[in-house]
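Build the full structure now, drawing on both the sequences and the hints.
Number of protein chains: 2
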Amino acid sequence: MKKSVFSVLAAMAICAGANAQEIKEDFKPNELNQPGQEYPMVNSQGYARFRINAPGAAEVKVSLGLGGQGGTTLKHLGDGIWEGTTAGPMDEGFHYYHVSIDGGIFNDPGTNNYYGSTRWESGIEIPAHDADFYAEKNVPHGNVQQVLFWSESTKQLRKAFVYTPAGYGDKKNQKVKYPVLYLQHGWGENEYAWSNQGHANLIMDNLIAEGKIKPFIIVMTYGMTNEGFRPGARPAARPAAQAAPAAPAAGQAPAARPARPAGGMSMMLNNGFETVLVDELVPYIDANFRTIADKKHRAMAGLSMGGMETHSITLARPEVFGSYGLLSGGTYSVEELEGRKVDYIFLSTGEKESPAQINAAVEALKAAGYNAEGHVSPGTAHEFLTWRRALYTMAQGLFK
Amino acid sequence: MKKSVFSVLAAMAICAGANAQEIKEDFKPNELNQPGQEYPMVNSQGYARFRINAPGAAEVKVSLGLGGQGGTTLKHLGDGIWEGTTAGPMDEGFHYYHVSIDGGIFNDPGTNNYYGSTRWESGIEIPAHDADFYAEKNVPHGNVQQVLFWSESTKQLRKAFVYTPAGYGDKKNQKVKYPVLYLQHGWGENEYAWSNQGHANLIMDNLIAEGKIKPFIIVMTYGMTNEGFRPGARPAARPAAQAAPAAPAAGQAPAARPARPAGGMSMMLNNGFETVLVDELVPYIDANFRTIADKKHRAMAGLSMGGMETHSITLARPEVFGSYGLLSGGTYSVEELEGRKVDYIFLSTGEKESPAQINAAVEALKAAGYNAEGHVSPGTAHEFLTWRRALYTMAQGLFK
Numbered sequence: 137m138k139k140s141v142f143s144v145l146a147a148m149a150i151c152a153g154a155n156a157q158e159i160k161e162d163f164k165p166n167e168l169n170q171p172g173q174e175y176p177m178v179n180s181q182g183y184a185r186f187r188i189n190a191p192g193a194a195e196v197k198v199s200l201g202l203g204g205q206g207g208t209t210l211k212h213l214g215d216g217i218w219e220g221t222t223a224g225p226m227d228e229g230f231h232y233y234h235v236s237i238d239g240g241i242f243n244d245p246g247t248n249n250y251y252g253s254t255r256w257e258s259g260i261e262i263p264a265h266d267a268d269f270y271a272e273k274n275v276p277h278g279n280v281q282q283v284l285f286w287s288e289s290t291k292q293l294r295k296a297f298v299y300t301p302a303g304y305g306d307k308k309n310q311k312v313k314y315p316v317l318y319l320q321h322g323w324g325e326n327e328y329a330w331s332n333q334g335h336a337n338l339i340m341d342n343l344i345a346e347g348k349i350k351p352f353i354i355v356m357t358y359g360m361t362n363e364g365f366r367p368g369a370r371p372a373a374r375p376a377a378q379a380a381p382a383a384p385a386a387g388q389a390p391a392a393r394p395a396r397p398a399g400g401m402s403m404m405l406n407n408g409f410e411t412v413l414v415d416e417l418v419p420y421i422d423a424n425f426r427t428i429a430d431k432k433h434r435a436m437a438g439l440s441m442g443g444m445e446t447h448s449i450t451l452a453r454p455e456v457f458g459s460y461g462l463l464s465g466g467t468y469s470v471e472e473l474e475g476r477k478v479d480y481i482f483l484s485t486g487e488k489e490s491p492a493q494i495n496a497a498v499e500a501l502k503a504a505g506y507n508a509e510g511h512v513s514p515g516t517a518h519e520f521l522t523w524r525r526a527l528y529t530m531a532q533g534l535f536k
Numbered sequence: 137m138k139k140s141v142f143s144v145l146a147a148m149a150i151c152a153g154a155n156a157q158e159i160k161e162d163f164k165p166n167e168l169n170q171p172g173q174e175y176p177m178v179n180s181q182g183y184a185r186f187r188i189n190a191p192g193a194a195e196v197k198v199s200l201g202l203g204g205q206g207g208t209t210l211k212h213l214g215d216g217i218w219e220g221t222t223a224g225p226m227d228e229g230f231h232y233y234h235v236s237i238d239g240g241i242f243n244d245p246g247t248n249n250y251y252g253s254t255r256w257e258s259g260i261e262i263p264a265h266d267a268d269f270y271a272e273k274n275v276p277h278g279n280v281q282q283v284l285f286w287s288e289s290t291k292q293l294r295k296a297f298v299y300t301p302a303g304y305g306d307k308k309n310q311k312v313k314y315p316v317l318y319l320q321h322g323w324g325e326n327e328y329a330w331s332n333q334g335h336a337n338l339i340m341d342n343l344i345a346e347g348k349i350k351p352f353i354i355v356m357t358y359g360m361t362n363e364g365f366r367p368g369a370r371p372a373a374r375p376a377a378q379a380a381p382a383a384p385a386a387g388q389a390p391a392a393r394p395a396r397p398a399g400g401m402s403m404m405l406n407n408g409f410e411t412v413l414v415d416e417l418v419p420y421i422d423a424n425f426r427t428i429a430d431k432k433h434r435a436m437a438g439l440s441m442g443g444m445e446t447h448s449i450t451l452a453r454p455e456v457f458g459s460y461g462l463l464s465g466g467t468y469s470v471e472e473l474e475g476r477k478v479d480y481i482f483l484s485t486g487e488k489e490s491p492a493q494i495n496a497a498v499e500a501l502k503a504a505g506y507n508a509e510g511h512v513s514p515g516t517a518h519e520f521l522t523w524r525r526a527l528y529t530m531a532q533g534l535f536k
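Here the protein sequences line up with chains Y and W, keeping their order. Under this note's numbering, the very last position in the first sequence is 536; numbers go up by exactly one each time. Under this note's numbering, the very last position in the second sequence is 536; numbers go up by exactly one each time.
Think of the hints as simulated: they come from the structure by calculation, not from any bench. Please read these numbers as outputs of a predicted model, since none were measured by experiment.
Which copy? The list can't say, so a pair holds if one copy fits it or any two copies do.
BS3-like, lysine-lysine: derived pairs with alpha carbons at most 25 angstroms apart:
| no. | residue 1 | residue 2 |
| --- | --- | --- |
| 1 | K273 | K291 |
| 2 | K431 | K307 |
| 3 | K350 | K307 |
| 4 | K164 | K291 |
| 5 | K432 | K502 |
| 6 | K273 | K307 |
Given below as structure tokens:
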């Protein structure tokens with residue numbers, strides 16, 4: 137008798153488990169898909185379903201799987217079509233991935249590409265329950281301006297994106313000046329990340345439209361310290377005055393190779409990015425945009441590696457930035473900040489990263505009298521939804 | 137004797153032919169490659185060499201070949217590496233392509249992607265002998281601004297890129313106003329094409345730096361009349377007031393499908409783009425940028441399908457645009473323009489397209505008293521080098 141009871145309980149438990157795992161067939165195209173593409177798809181539970189046309193392939197895998205970890209092996213449906221669904225729901229938000237065809241790495245032709253891990257990867261978005269704060273709405277929108285500035289230290293024409301809030305161009309506002317946040321991407325990403333993956337411009341547009349913050353400018357530039365990995369770069373033709381033997385002459389193939397920039401590398405490994413950002417980009421921005429060009433109205437923040445850059449540059453150049461933000465990018469200790477005047481310090485992380493470390497650091501900074509704020513993104517790891525939420529929170533604490 | 141003489145002559149001819157076909161081993165990485173990628177490569181003669189890692193594949197092809205036509209079949213070098221070189225030199229300039237792995241279509245992981253034929257394709261650049269006019273130089277650079285504007289006719293948040301010339305942001309220029317060129321992409325392309333493939337911003341920067349033109353603004357927006365093919369679009373969250381059952385609610389997967397926009401399609405097929413451009417975008421630009429908002433200082437031009445759009449819109453709305461440009465996009469007849477006041481008409485084509493037709497149309501317009509100019513791009517077909525050269529020429533004829 138006992139035995140059968142246990143069997144029944146076991147069976148019930150199994151059924152309960154099975155029910156919990158049941159996949160709802162309400163899949164819709166991933167919102168990042170290329171125009172007219174049905175796959176990849178996402179359902180209301182956060183499962184992702186991939187479909188790849190790979191005739192003749194022996195094995196097709198997608199680098200995404202349960203909770204964004206591991207991968208998903210697709211099955212051949214026939215006629216060269218391979219399909220697979222993640223073993224479980226993915227974390228909410230944006231995920232990078234790629235496809236493996238018998239070991240060859242390609243992007244999914246169904247979706248758009250986003251620069252991460254030093255290559256253009258495929259992107260999929262699991263709609264977040266709180267996606268409204270970065271939704272495209274019929275509110276006044278700021279612009280994201282591509283600027284090209286000459287960097288004398290690297291002898292390169294470099295790119296930055298500058299978010300200017302709605303109204304920046306209005307005739308009536310031509311005397312208005314704005315604070316500036318310098319916002320850095322993570323390792324293997326580039327200056328496109330905060331707009332394309334992070335929706336920084338939409339987060340700002342919505343915060344400003346709701347009256348939650350006063351408008352400010354955001355500057356996003358390429359911060360990888362290895363110049364070899366300057367994404368999307370076309371070799372810069374040096375000005376005649378600085379022409380080197382390696383410089384391209386009209387009609388010849390440009391001599392500069394992305395992987396081996398003449399001169400750039402050694403300088404870059406020697407605090408090169410600090411020089412580009414602080415001594416070249418900041419002056420360019422202050423000269424070409426209506427900024428309040430002082431420490432109190434200039435902040436630096438970054439995610440992951442960009443946080444580490446923020447940490448070292450803000451400590452090395454205390455006269456330049458008044459507010460600091462480390463997004464999944466470490467912490468400041470009270471000792472490091474000894475005797476420094478800092479207006480605002482923001483430290484954040486995903487709940488699946490290191491909340492205890494961040495909370496402890498924030499408490500220590502507060503105890504030492506600093507205006508510090510922490511943020512932990514619920515249910516997310518080292519990915520972009522964590523950083524969208526961090527920017528949303530940090531923006532409301534900056535420049536008070 | 138004669139026979140042997142002929143043999144010698146024949147042999148000499150063959151050798152001459154062989155010499156002409158000899159491939160110089162001076163291949164360099166394609167200048168559009170992703171960071172750190174060696175392949176695809178291009179040599180000084182314009183041959184392209186591709187290398188793809190596709191273990192287990194039975195056939196690997198690249199859609200580019202001799203003169204940009206046909207394709208190139210790669211050979212297996214071993215270890216899953218496939219390599220192939222075009223059968224001949226390619227035309228100078230930019231070419232779209234993709235890779236076929238046993239019939240499955242993917243992009244080349246080695247190079248960057250460019251939106252063409254309604255998908256993100258791989259891109260390769262055969263350096264042109266006259267590439268200097270769009271080279272990145274240490275001259276003052278204008279900005280390319282992404283603007284998001286609400287389109288009431290399509291109930292969508294739409295994107296445009298606005299080139300503002302160097303100095304637009306300078307404090308001392310805040311009273312200066314500029315003429316505006318509305319510049320359209322071709323079929324299957326999007327609003328990124330004129331900047332990414334066309335280098336419109338660099339062409340303008342260099343022309344202005346050399347004093348060859350007075351600065352003007354260029355506006356580039358998405359002109360495909362099928363809203364289903366709005367590239368890179370994230371479904372627009374409608375304002376609450378306009379929320380439809382199909383609109384996404386917070387936390388749900390966006391309901392809008394790129395291929396089936398709610399409502400948009402029918403309107404788009406009914407002169408939808410004319411409404412978006414003339415009645416929605418032009419007023420937005422005039423309200424948010426320092427434009428000279430009159431017909432004489434407003435031009436419209438486009439390439440290929442964008443030329444056809446320019447042709448129909450300029451004829452339908454003669455009060456809006458003072459100058460017209462059709463780049464590989466047809467011609468205007470004297471009859472069509474009967475009684476119209478047009479400041480400048482530019483018609484262009486590639487030498488491998490229809491020069492006779494363009495030259496005849498220009499002569500007829502001149503004979504009828506119009507200020508018409510023609511341009512034929514030497515040695516090029518229906519591709520972007522043709523249009524870079526056309527913009528370079530047209531820009532010097534506009535707004536005189």
